[in-house]
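Colleague: Construct the complete structure from the given sequences, taking the supplied hints into account.
Protein chains in written order, with the working numbering: chain A, 1 to 1080; chain B, 1 to 452.
Just so you know, the hints here were simulated from the structure itself, not pulled from any lab data.
One should not assume that every hint holds.
So the derived list for chain B, only partly shown, Cβ under 10 Å to chain A, looks like this [as the list claims (entries may be wrong)]:
(1) Val36
(2) Ile51
(3) Lys93
(4) Ala118
(5) Gly293
(6) Ser297
(7) Lys318
(8) Leu377
According to the in silico footprint, chain B covers these stretches of chain A (three or more CB under 8 Å from chain B) [as the list claims (entries may be wrong)]:
(9) 321-334
(10) 1001-1014
(11) 1033-1041
Using 20 Å as the maximum straight-line C-alpha spacing, the simulated EDC-like pairs for lysine to aspartate or glutamate come out as follows [claimed, not checked]:
(12) A:Lys1003 - B:Asp271
(13) A:Lys1034 - B:Glu160
(14) A:Lys699 - A:Glu751
(15) B:Lys159 - A:Glu316
(16) A:Lys1034 - B:Glu35
(17) A:Lys1034 - B:Glu122
(18) A:Lys1034 - B:Asp123
(19) A:Lys1039 - B:Glu35
(20) A:Lys484 - B:Glu126
(21) B:Lys25 - A:Glu955
(22) B:Lys26 - A:Asp1072
(23) A:Lys1034 - B:Glu38
(24) A:Lys417 - A:Glu1062
(25) B:Lys177 - B:Asp416
(26) A:Lys1034 - B:Glu330
(27) A:Lys866 - A:Asp839
(28) B:Lys131 - A:Glu316
(29) A:Lys776 - A:Glu955
(30) A:Lys792 - A:Glu765
Note that the Cβ used here is the ideal one computed from N, Cα and C, for glycine as well.
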Amino acid sequence: MSTKRPGGASFQPEVKRKRESDEFEQCYVPKFEKELPATPKIDKTGWARPAVDKDLGITKSIACQVLEVETYHEDGSATTYDRTNVKLYGVTKAGNSICVIVTDYFPHFYFQAPQGFGVEHIQTAQTAICNMVASAKRRGGSGQNQLPGKVVDNLVHIELVRGENLYYFRGADTKVPFVKVTGSTEALHKARMELRNGINLMGKGPVNVGNLYESNINDIVKFMAKTNIVGCGWIELPAGKCQILSNSEKSSRCQIEVSVNVKNLIVHESEGEWADIAPIRTLSLDIECIGRRGVFPEAIKDPIIQIANLVKIEGETEPFVRNCFVLGTCAPVVGSNIIQCVNEKVLLEKWAEFVREVDPDIITGYNILNFDLPYILDRAKVLSLPQVSHLGRQKDKGSVVRDAAISSKQMGSRVNKSIDIHGRIIFDVLQVVLRDYKLRSYTLNSVSYQFLSEQKEDVEHNIIPDLQRGDEQTRRRLAQYCLKDAYLPLRLLDKLMSIINYIEMARVTGFIMPMNLYKSWLQILSMMLRRCKQNNFFLPVIEVNSGDGEGYEGATVIDPIRGFYNEPIATLDFASLYPSIMIAHNLCYTTLLKSPQGVENEDYIRTPSGQYFATKSKRHGLLPEILEDLLVARKRAKNFMKNEKDEFKRMVYNGRQLALKISANSVYGFTGAVVGKLPCLEISQSVTAFGRKMIDMTKSEVERIYKKGALEGKCPADAKVIYGDTDSVMVKFGVENVAQAMEIGLEAAKEVSKIFTPPIKLEFEKVYFPYLLINKKRYAGLYFTKPEVHDKMDCKGLETVRRDNCPLVAKVLGVCLEKLLIERDQQSALDFAKRTISDLLCNKIDISLLIISKELTKSGDKYQAKQAHVELAARMKKRDAGSAPRLGDRVPYVFVAAAKNVPAYERAEDPTFVLQNNIPLDTKHYLTNQLAKPLARIFEPILGDRAEKILVEGEHTRVRTVVQSKVGGLAAFTKKSATCLGCKSVLPKMESENAVCKHCEPKLPEIYASRLVTMHELENHFGRLWTECQNCAKTMQDKVNCSARDCPIYYMREKVRNELSETNTIMQRFGDPCFAPPTK
Amino acid sequence: METAWSNILDYKNISDRYVLTEEDKKGAFARQYFEVYEARVNALKPRIIEIAERDIGKGKFKHISLSDAKQDEEIFVIGVIVKRIAARPSILKSLLNEDKVAYDDYEGDEEDDVKRYAGSSEDRIELESEKQTVRLDGAITMDECATGCCVGVLGKLGKEGVFHVNRLIWPSSKISKKSSAEGTIVFVSGLELTGDMEEDQLTISGLEFMSEWMNSEALGENQCPPIDRVVVIGPIVETKSNGCDVQSVVRTLTLSRTEKQSSAKALITVDKLISSIAEKPLVNTVDVTPGVGDPCSSMWPLPPIHRVCLQRCAMSQKKVNLVTNPYEFEVNGLRVMTMSGENVTELLRTSHKWTGADVLANLVKWQHVAPNCPDTLDAFPMAERDPLVMETTPHIIVCGNQPQAEFRRVPIDGSDSTCLVVCLPKFSKTRVACFLNLKDLSMKWQNFDHQY
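Modeller: Listed below in structure tokens is the structure:
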């Protein structure tokens, strides 16, 4: 706006806007030139990595753990040809960062050799393809100049190999000739296109080669499968067989850069010495930026004011670098290094230098993927600071942000950012938690509360500008928040052992770590590819169809016999059901038959869903082999874990066995994913069909064997299967105690297993006693694994864990279930439910228990139906744009009372507003729409069908309290006159100062005492809640600024303020406490 | 103005600062507690510097703020102690493991003893000074400080925010010259009446026994000395809550709360009992000072019990004196302070070594009546001032509701006077009253139990 243009008179409307922005600039772009030097003094102790051993690569071999892999294109010249090289980034045992350039690796694809294609045609074919690719390259304009002949001749290479399509069993050994095409990624891509149109391969005119194989698989996956490198595994470069690059030759910022021929790579299995984890550096960061009033910070305008960084070595407890880059002056924080920067440009540049110097392998934080990192990069663009985007290990490449839509069954669709910081892994804790845990809220605060039982002070965005604009003390406060926000993700990673678990997952599946965060199918693909390579199976390219392919029947459920079982119910489980079915029946791509051949059950089997598979005698399937290996490996990892003394190593093994379990279970899903790379519904259909059959078989077998008097009279009654689901059946043996149920259960598991093909096996693990069976997939019970004492209360599918309800529902259900199951007192459970309902109707329930919160994902007009939280957000914006929720925030709301026909979405109201204005809640809505159904469900097995009626319309619902609102409706017209505190009669004007009317005077002590009970409770709450916040914020002498709406005590704390001062005013009416002096 | 009370001794109620002013009350509940700490530091800082100058020597220490501290340089910092104790009750933690807490009742205190917090290796002492927080180690132990104490530390700042203490400096104390007086003051504490005749029987008969004895003119060995005043320390009605009832909050949030009963019935009994003492001709005055749970606000400092609750006493209002808690008065120049003891009980929980007298001696050292207020004791959110800072050390401190009867003469630094600290057990449990002879400050513990 500073550009001057003639004719300023026409700028009238802009003047006002300009003034606004002036004020805005003043606010948050304070000037610090006077106080601070142009370049900050920075204490860099501890930043640099350990020095490099000079002998590495010359006399000593180099071993390193591979963390990140990428490919890059190298143009050919007169002497060399086009290549696709691979870069491996990793860390050595000594903690040096290393970049290994692997040369002479070429990606490949296959196609089936056309009829009559022989060795003699190789040269012709190669020339033909090379020429086609070269001309395609020229057309594409990628090489304006004539390509050197050497390059053209070597664009692709052709080989003849023998192999077989992965799908279908065609006979014992039916390997046929395949043509393998290798070359740079680019050339292969072009070749693929040309092949589709037909190429003159044998000098006899264009040939159509049909389906291609493995051309749609990522180069990195193919490279790793070929070399046997696994993600996070160790590789070794023998001394003398690699070439160390000097600083001037280096393309990366790693301490060591070395190039090696693919032949000379030594790859280690992750066992023994090589199961270790290198000293990996993790950087956790958090940024603070300043926003304008009512707008979420936008990178185009709003500057970054602080970046806090903590750097830690994996396996150590405390970070060794703690610092915070601050815009402006800032008082020191003891224990952390505050770097004061004169302006945002310096701040960002110095920070980027810091990242490059400290050279982290993993970058973590909370929501850094979608907020912090993109924001930094966008700011760098806005301020034109190209250096700041150079955060990766690649010298010439800045990091860019892209949108990546991801959809998966677990997570639904969402748009994430994708950022490549070359050579470093972005490991966002929010993404980890989102993927692995179901929580009520995913704010950093509430996640830390769940896992660390610790909270942080949640500062509202609105306060940040005030703190920044203040003095060095307020900015210091901000720095403290910022440091804490960077510290908590580290603590969470430690607590959840995420990094170790993900490393082990990478080692098990062979794929590199960052991808693991989402694409679990890639892991299976990588395992398949490795296995196929050994057996010369090739993976065909399957055209992805739109997804609405044929569905198939899911798992079976034996209809539950609903009820409250006050007797032990034994549970028989199939151990790893789906993997063992696949192993037992040899279900695989390679054993699938188009039509039955030979003798049934000898040469082939017919699955319950009508598919045919070859038996083991014909061919061992690949999938069963993979699964067997996984299960064996898991057993071994568990053994290692048992015998390992070292705590850290035990964690590693535990991570491994978990990873193995998850992988084994996802193979089934992989075959069923229609949009995946290798769908095979025949397999997945058969698996579930087997599963259904087995559940039914178990039921009839159990009920056949364990009749009354069986087991030498140990069975007191006929056994009855009351429920069965996917991989478990619940059996009522009619015994009296847990120990007896366990004895028969163990016996039954052993006996019934005999009817199944090994390794399918029934296991007996637990007894429920008592057991409340509500419906399919909805049950609760007390869980016993040993006869003496229960392990836990197990609830499935009940509202105790659902998130779309208000907390009251979960609380009430939880207590009721505890009373039912642990105390086994049905009456007290019912009484409790009734009392809660009556409390609710009398407005005695704390508001924080009635709050529902939903995320505001898009603005109002984009939702199809009107939604309560969206409407509320719009209304709040009208009231005060500054504090209204923004996109991405969770909107908390409660339902308030309104006229009869007002739709639900208009009844939603902001809890803070409700508290301030004393708005009555729609308690009836809560009762009928939230509480009634879930409560009725758990009481139905006990009370029968009348349960809901009893709860919603019983005696206890007669008394109700209605609150007088301070706003809206008639509130403005009502006049308050003093009433007697005893009988509520209106006091005459003369006595309006008095506490009670004349008639109530004799009862004064009683009235006072009863009022006092409320006041004492409020006072106690006020005292405890506010000191709790002071303690949580870890400061006694500073104001608590926390606005964490999902903290259980936030609303209570605010509510108690209002109520206490109201109560106090009332108590004042009783007058001075002391006896009046006699003189009066 | 006519004196309301006709006593032998020259009495002056000096508890003014415990009475809330209009300024204190205005918008009080919109405040936060940090203001109390601010006021506390402001009040005690000059007194700490005074001692530092006396003991270390003027100019021999470097009093700076923590933020200006350089590593390994000896500096002097004044701040507030925060003991981070893992076992300290916390609402958030209780809510997380609500299943455990909500049902087992918190009243499980052993008969007369105090439930103390289990120590943990993670417990540590921190000092917060001008918004910086450091961990303290070196010459400081858990047993010589408490959360909320204001102290000066001489030491060096080490790595990672740890401060190595060489020496602690506590605030200076002021005590007026002791004068002597003739007469006896009687103290009883914790009547804790329930309103249930059967339960209250022992307490009622004990108290009646006491008032009769005080009134008997029969000469003999077991004669009661002339009583100038009786101080009844609350709680006079039974109450389940204590100063830091975290559970009540948790119960509200987990729906497991129970209805609280009002104390109206018990109040009638109290009213009768106190007026019956006051009506006796030989007793001059009865001071009634409340405890937490009595019919008055439950936030420290507690205001007097409200007069509407004691209608019979109102008849003899000249003799019943409703006062604050803590309560401080002067008789013939002798300063006496009484407190209902929740502060001491809460402090006892934080150490395994302390007895009641240790805590009281510490209060004198710290020059603060209840440093743990507001942290573990509900406090009125004050601003600008902290009434619980000891401006002048009293000659006698009587603390009610303690597990054991105990006393100690605590020497006052910088003077040749001592402060007599007395721990008084609950009358409801022991039927013991303390008769303090003002002449030589000797005590007589009288038991009024009918069973003996």
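Colleague: If a hint holds in the structure, say so; if it doesn't, say that too.
Modeller: To see whether the hints hold, each was checked on the structure:
1. Residue-level restraint check for valine 36 of chain B holds (minimum Cβ-Cβ distance to chain A is 9 Å; threshold 10 Å).
2. Restraint check, isoleucine 51 of chain B versus chain A: the minimum CB separation of about 22 Å is more than 10 Å; hint violated.
3. A distance limit of 10 Å between C-beta atoms decides the matter here; for lysine 93 of chain B the minimum to chain A is near 6 Å, and the interface restraint holds.
4. Look at alanine 118 of chain B: its Cβ only gets to about 17 Å from chain A, farther than 10 Å, so that hint breaks.
5. A least Cβ separation of about 7 Å between glycine 293 of chain B and chain A falls short of the 10 Å threshold, and the interface hint therefore holds.
6. A distance limit of 10 Å between C-beta atoms decides the matter here; for serine 297 of chain B the minimum to chain A is near 6 Å, and the interface restraint holds.
7. The interface hint given for lysine 318 of chain B holds, since its Cβ lies 7 Å from the closest Cβ of chain A, which is under the 10 Å cut-off.
8. Given hint, leucine 377 of chain B at the interface with chain A, holds; its Cβ is 8 Å from that chain's nearest Cβ, closer than 10 Å.
9. Given as covered by chain B, the stretch 321-334 of chain A passes the check, having 4 residues with a CB less than 8 Å from a CB of that chain where 3 are the minimum.
10. Look at the stretch 1001-1014 of chain A against chain B: 8 of its residues bring a Cβ nearer than 8 Å to a Cβ of that chain, three or more, so the hint holds.
11. Under the rule that three or more residues need a Cβ within less than 8 Å of chain B, the assignment of the stretch 1033-1041 of chain A holds, with 7 such residues.
12. Straight-line distance between C-alpha atoms of lysine 1003 of chain A and aspartate 271 of chain B comes to about 14 Å, which keeps the hinted pair within the 20 Å bound.
13. The suggested pairing of lysine 1034 of chain A with glutamate 160 of chain B holds, with an alpha-carbon distance near 17 Å, which does not exceed 20 Å.
14. A hinted pair counts as satisfied when its Cα atoms are at most 20 Å apart, and lysine 699 of chain A with glutamate 751 of chain A qualifies at roughly 13 Å.
15. About 17 Å separates the Cα atoms of lysine 159 of chain B and glutamate 316 of chain A, which keeps this hinted pair within 20 Å; it holds.
16. For the suggested pair lysine 1034 of chain A and glutamate 35 of chain B, the alpha carbons sit about 15 Å apart, so the restraint of at most 20 Å is met.
17. Of the pairs offered as hints, the one joining lysine 1034 of chain A and glutamate 122 of chain B holds, with about 15 Å between alpha carbons and a cut-off of 20 Å not exceeded.
18. Distance restraint check for lysine 1034 of chain A and aspartate 123 of chain B: the Cα-Cα separation of roughly 14 Å lies within the 20 Å cut-off, and the hinted pair is therefore satisfied.
19. For the hint pairing lysine 1039 of chain A with glutamate 35 of chain B, the CA-to-CA distance comes to about 8 Å; that is within 20 Å, so the pair holds.
20. Under the criterion of a C-alpha separation no larger than 20 Å, the hint pairing lysine 484 of chain A with glutamate 126 of chain B is consistent with the structure, at around 18 Å.
21. This hinted pair does not check out: lysine 25 of chain B and glutamate 955 of chain A have alpha carbons roughly 43 Å apart, beyond 20 Å.
22. The hinted pair formed by lysine 26 of chain B and aspartate 1072 of chain A meets the criterion: a straight-line CA distance of about 16 Å does not exceed 20 Å.
23. In summary, the hint linking lysine 1034 of chain A to glutamate 38 of chain B is supported, as the alpha carbons are separated by about 15 Å, within the 20 Å threshold.
24. At most 20 Å may separate the alpha-carbon atoms for a hinted pair to count; lysine 417 of chain A and glutamate 1062 of chain A exceed this at roughly 50 Å.
25. This hinted pair checks out: lysine 177 of chain B and aspartate 416 of chain B have alpha carbons roughly 9 Å apart, not beyond 20 Å.
26. With a C-alpha separation of about 40 Å, the suggested pairing of lysine 1034 of chain A with glutamate 330 of chain B is violated against the 20 Å cut-off.
27. Annotation: proposed proximity of lysine 866 of chain A to aspartate 839 of chain A is violated, straight-line Cα distance about 31 Å (limit 20 Å).
28. Distance hint between lysine 131 of chain B and glutamate 316 of chain A is unfulfilled; the C-alpha atoms sit about 29 Å from each other, more than 20 Å.
29. About 32 Å separates the Cα atoms of lysine 776 of chain A and glutamate 955 of chain A, which puts this hinted pair outside 20 Å; it is violated.
30. With a C-alpha separation of about 14 Å, the suggested pairing of lysine 792 of chain A with glutamate 765 of chain A holds against the 20 Å cut-off.
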